[in-house]
Amino acid sequence: MPQFDPAIPIYRQIMDEISGQIISGKLKAGGQLPSVRELAQTFQVNPNTIARAYRELEREGIVFTRRGQGTFVSEEEGIFVTLKRERAEAIIASFFREMSSLGFSRQESLAWAQESINRGGDKNGARIGRQ
Amino acid sequence: MVANNLIKKYGHTLALCGLNLEIPKGKIVALLGPNGSGKSTLLKLFAGLIHPTAGEALVLGERAGVKTKSKVAYVPEFNHLYRWQTVEEATRFAMKFFSDLDYELAQKLIEEMQLEPEQKIGSLSKGMHARLKLALALARTAPVLLLDEPLSGIDPQSRRKILTALVDTYRPGEQTIILSTHQVLESEATFDQVLFLQEGELVLWGEADELRREHNSSIEDLFTEIYQ
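These protein sequences, in sequence, are chains A and B. Mind the numbering: the first sequence is residues 1141 to 1271 in my numbering, read in order. Mind the numbering: the second sequence is residues 177 to 404 in my numbering, read in order.
There are no misleading hints in this set.
Derived list of chain B stretches under chain A, where covered just means 3 residues or more per stretch with a C-beta under 8 Å from a C-beta of chain A:
#	stretch
1	331 to 345
2	366 to 377
3	382 to 395
The hints are simulated quantities; they were obtained by calculation from the structure and are not laboratory data. Yeah, the Cβ is synthetic: ideal placement off N, Cα and C, and Gly gets one too.
So that you can see chain A by itself, here it is in the shape it has in the complex (with noise of 0.2 Å):
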């Protein structure tokens, strides 16, 4: 059960939480998704909210609902990509952020992402493990 950050929209965790499984292919394509009943108890949130963040992603067209059946992943090849490219967006923007916040341009940024994988420190920061 993921930990939610009271600080952003609860709704909006659980489509990122969804998208995720997504992703990792925990759900797949045509599956179908927990009950909102179910959710709201396995997340202990409000039904309205799981409401909220399957119409959000219904919208977006990651979900759909079948009438009287429940919702289900979209079919749809392309999705996944998508999915996959906006979390790639979010993690690249979340890496600028930071480091900007070390007062590091975006070039300054990406010198140390290349210095990085020349020195081998690419693999989860192995290099540094071994020392």
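The hints should help you fit chain B onto chain A, whose structure is shown.
Here is chain B on its own, set in the frame of chain A:
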């Protein structure tokens, strides 16, 4: 639930000073504010237990009073159950007053709250007592549920059980739940809307997720910011 220029005075003390608000049907709403901000007074007015000095409190379009009482389940902060009764007797006793109490649901909730039907009310800890009060209130099918400080002064485990039962039994879209609380951090994922009261006035209100986005902050931090 609507308050129109709602005023309540106790002697010379102004508890609510011309409150205007509208709570949509079917949501869980948190009523936040320090002691003396008017939270309990507002809940009692909606419960039809006290009368406004001026203005009106409406429940499902009707003035709160004798006629609306059957539509409202109200749980006071103090302990109102008889000490000499057992949990089972208290349940049956409550059914005499509240025809909307679902006995099977009450039994299920009492079990989930880890209470024994044969236990005497007088022997229950503070947390157990709070759990029983909530179980009996959640077992009612009334469209409005008013909870005055259901989480205060009890152990974390009881608070968690109460919040779990609240989310599990809540009927979205049909049932309106208003709860006053100080335990903001623990409960903030359970409510749709928030009303911040201060000295009998509404100082901030809105959808919890919208407030989080607008202020880049948790409801807990907003609470601290407003009242300190």
